[in-house]
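Q: Chains as they are written, first to last, in full-length UniProt numbering: chain A, 1 to 496; chain B, 1 to 194.
Treat the hints as calculated values from the structure; they're not laboratory data. Be aware that one or more of the hints could be misleading.
To be verified - Covered, in the sense of this in silico footprint (three residues per stretch, anywhere, with C-beta under 8 Å from a C-beta of chain A), are these stretches of chain B:
1) 139 to 150
2) 167 to 176
To be verified - Covered by chain B, per the in silico footprint, the following chain A stretches (three or more residues, Cβ under 8 Å):
3) 54 to 66
4) 137 to 147
5) 183 to 194
6) 199 to 205
7) 210 to 223
8) 251 to 259
9) 288 to 298
Said to hold, decoys possible - A few chain B residues facing chain A, derived, Cβ under 10 Å:
10) E13
11) V36
12) A40
13) G114
14) T130
15) R154
16) L156
17) D157
18) A159
Glycine is no exception: its CB is placed at the ideal position from the N, C-alpha and C atoms.
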Amino acid sequence: MSRTFLGMPPFPAAAREALADPQLRSNLAHATTTIRAKRAAVVAEVDDWESLRLRAAAIKDDVLLHLDEHLLRLEESLTARGAVVHWARTAEEASAVVAEVARAHGVDEVVKVKSMATQEVELNEHLAAQGISAWETDLAELIVQLGDDLPSHILVPAIHRNRAEIRAIFEREMGRVGRPAPDDLTDDPARLAEAARLHLREKFLRAKVGVSGANFAVADSGTLVVVESEGNGRMCLTLPEVLVSVVGIEKVVPSWTDLDVFLTLLPRSSTGERMNPYTSTWSGVTPGDGPQEVHVVLLDNGRSRALADEVGRQALRCIRCSACLNVCPVYERTGGHAYGSVYPGPIGAILNPLLKGVGHDEQTDSLPYASTLCGACFEACPVRIDIPSVLVDLRAQVVDAHRSGVPGPEALAMRAAAATFGSGRRLAAAERASALAGRAIDAVARITHRDRRVGGRRLIGRLPGPGAGWTDARDLPTPPEESFRAWWKRTDGGAR
Amino acid sequence: MSARDEILGAVREAVAGCRGPVDVPPLDRPDRDGDVDLFADRVADYRATVVRCTPDGVEAALAAALPEGASVVVPDGLPYVVAGAVADDGLTPSDLDAITAVVTAATVAIATTGTIVLSHGPGEGRRVLTLVPDLHVCVVRADQVVDDVPAAVRRLDPARPTTWISGPSATSDIELSRVEGVHGPRTLHVVLVG
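Please take these sequences and the hints and turn them into a complete structure.
A: Shown next as structure tokens:
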């Protein structure tokens with residue numbers, strides 16, 4: 001059983017811990033650099049990439065603004081195709097449906113395709129509590145599950161592990177839950193993949209119940225789509241007698257032909273391939289082929305809350321490609337665990353507060369600040385989610401949620417700044433004080449030999465008291481000895 | 001109130017007042033024929049084997065693609081004769097696990113991405129058939145090759161299950177280094193006809 005993200009510290013604390021781990025930094029830098037180059041190469045092959053992004057974003061916007069109609073249509077199509085449709089308001093309700101299906105078939109294990117929705121609802125932990133083992137079958141998910149670890153990337157959850165660590169996990173853990181790793185296992189990725197193939201094959205062949213998510217759900221035809229690489233998805237979708245798919249309500253697209261853009265955008269954005277090795281589509285039950293009992297759980301779990309946020313609702317366009325993680329300078333350095341959620345990186349920094357609401361817990365409220373607002377995520381996003389704008393709006397929401405009668409130090413500082421900048425006389429006085437302080441600090445630095453300079457300007461090492469938080473991660477130059485306005489006055493704009 | 005009614009109610013409330021129509025731009029791509037040479041190159045990029053032959057040479061190409069003495073299964077309706085192959089008469093996954101290779105046809109193929117799509121009708125078989133054996137030999141006719149993903153989507157019937165195959169199964173989960181061959185067939189052999 002894997003751990004959960006419950007009780008994770010706020011982002012700044014978690015990030016500090018991650019930044020102190022040189023192995024993690026090295027694994028992440030290698031992985032994100034590799035995938036960025038692959039993505040850039042295959043995106044450049046598509047001449048009309050920008051038009052595809054615009055079309056994809058518009059399809060999703062149209063769906064979201066009429067989501068109730070599309071969900072009813074999806075329910076109708078799925079039912080007509082022999083699927084049983086369930087609705088789940090919460091994580092608990094979704095997990096209860098899966099547990100009930102498993103119990104009805106008398107099984108104590110299910111095989112799972114990698115799925116963000118089932119991770120979000122902590123399905124494995126819910127099932128374990130009822131004595132049902134959920135076997136992750138995606139290689140990276142298997143590494144995370146066997147290592148009793150947490151996922152740190154949407155697409156490659158074990159991106160923080162290198163091959164030597166993976167080999168050690170396989171050798172130690174595989175035998176405890178099934179076929180052990182081969183005795184002569186090496187850390188060659190091909191050998192590690194082979195070990196996973198052998199370990200999981202017996203589980204696939206005996207599984208009665210499979211569990212999946214879906215990348216897309218087509219309202220008109222009742223078709224679910226799973227995009228994958230290894231064939232573990234096909235195994236889970238095809239071999240078991242019973243299939244339960246947990247699908248977020250925002251995954252719906254109106255018609256089959258709308259997949260034209262999404263199946264072009266997703267693999268190139270995600271794994272940096274022209275096409276992923278396997279995509280499966282199925283519409284309810286196909287007689288004589290695959291599972292003959294098919295359940296679909298439509299999951300809200302905060303999505304209707306996110307939908308009500310006029311700025312933030314665009315986050316529901318997300319197709320979980322993880323391109324924004326790979327280009328993010330913050331993610332590249334901290335990794336995914338610091339975000340305290342199955343949705344890390346830039347999309348996680350907006351999706352978590354939108355799904356959960358702000359003002360309730362410190363961890364969620366810290367996420368909109370886990371960004372430099374550089375905008376690389378927006379440029380990479382195949383459905384054009386303007387993540388920086390949503391981050392800024394969420395920061396405002398966090399501030400509003402924490403307003404009380406007594407202003408904090410930041411609010412006081414801002415008010416003082418407003419008063420100073422609001423009057424030429426007060427600004428001039430402040431500038432004179434600042435120049436004095438600058439000269440004093442320079443003098444002290446000369447005496448104490450703490451003379452650090454960048455671009456010719458002396459830096460203050462570290463501020464005392466409440467200012468320490470600012471200088472922890474930034475260089476603060478000493479105040480200039482003369483302000484621009486004083487210089488202008490003295491030299492008549494440089495003429496003297 | 002049921003979960004269904006509550007979710008639908010919450011969704012309606014969330015978008016109340018912003019129901020305006022959204023202008024969805026159509027896909028603006030010229031309708032081009034699929035480039036068969038490009039398809040062959042792109043399949044090979046995935047480290048799959050591509051062999052080209054004339055319509056008369058298919059059966060010889062299939063025989064050459066199959067290892068000597070390998071057990072082979074074929075679906076109903078395959079328009080080619082594969083010597084020594086067993087027919088799929090409801091084999092269990094465990095039965096299929098003991099079979100080396102499967103030979104099928106395809107429904108459509110995509111040039112720009114090197115993708116083969118099966119819709120699991122006659123000649124293509126149940127989904128499990130092309131999943132469990134370790135070698136998949138797939139016959140694609142030149143007239144089945146379309147230019148891009150949107151053209152393939154238009155040709156397919158959503159009522160059928162479909163499997164889109166781009167190379168052998170693969171993973172990049174270990175340090176993002178690509179390894180061919182995980183759970184699906186570890187070898188994909190495409191016979192391109194015409």
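Q: Compare the structure with each hint and give your call.
A: Results for each hint:
A count of 3 residues in the segment 139 to 150 of chain B with a Cβ less than 8 Å from any Cβ of chain A is obtained; the coverage claim is therefore met, three being the minimum. Here the segment 167 to 176 of chain B counts 10 residues with a CB under 8 Å from a CB of chain A, which clears the bar of 3, and the coverage holds. With a threshold of 8 Å between beta carbons, the proposed coverage of the segment 54 to 66 of chain A by chain B holds, since 9 of its residues qualify and at least three are required. By the rule of at least three residues with a Cβ nearer than 8 Å to a Cβ of chain B, the coverage given for the segment 137 to 147 of chain A holds, with 5 such residues.
With 5 residues bearing a CB less than 8 Å from a CB of chain B, the segment 183 to 194 of chain A meets the requirement of three and the coverage assertion stands. With 4 residues having a Cβ less than 8 Å from any Cβ of chain B, the segment 199 to 205 of chain A passes the three-residue criterion, so the hint holds. With a threshold of 8 Å between beta carbons, the proposed coverage of the segment 210 to 223 of chain A by chain B holds, since 4 of its residues qualify and at least three are required. Coverage of the segment 251 to 259 of chain A by chain B holds [criterion: at least 3 residues with CB-CB distance below 8 Å; count 3].
Residues of the segment 288 to 298 of chain A with a Cβ under 8 Å from some Cβ of chain B number 4, which satisfies the need for three, so the listed coverage holds. The closest approach between the C-beta of B:E13 and any C-beta of chain A is roughly 7 Å, which is under the 10 Å cut-off, so the hint is satisfied. Proximity of B:V36 to chain A is violated relative to the hint, the smallest CB-CB distance being about 17 Å (cut-off 10 Å). Below 10 Å, beta-carbon pairs count as interface contacts, and B:A40 has none with chain A, the closest being about 14 Å; its hint is therefore violated.
At about 7 Å, the closest approach between the beta carbon of B:G114 and any beta carbon in chain A falls short of 10 Å, and the interface hint on this residue holds. Evaluation of the B:T130 hint against chain A yields a held restraint, the C-beta minimum of about 9 Å falling below 10 Å. Nearest Cβ of chain A to the Cβ of B:R154: about 6 Å, under the 10 Å cut. The hint holds. The closest approach between the C-beta of B:L156 and any C-beta of chain A is roughly 8 Å, which is under the 10 Å cut-off, so the hint is satisfied.
Restraint check, B:D157 versus chain A: the minimum CB separation of about 9 Å is within 10 Å; hint holds. Evaluation of the B:A159 hint against chain A yields a held restraint, the C-beta minimum of about 6 Å falling below 10 Å.
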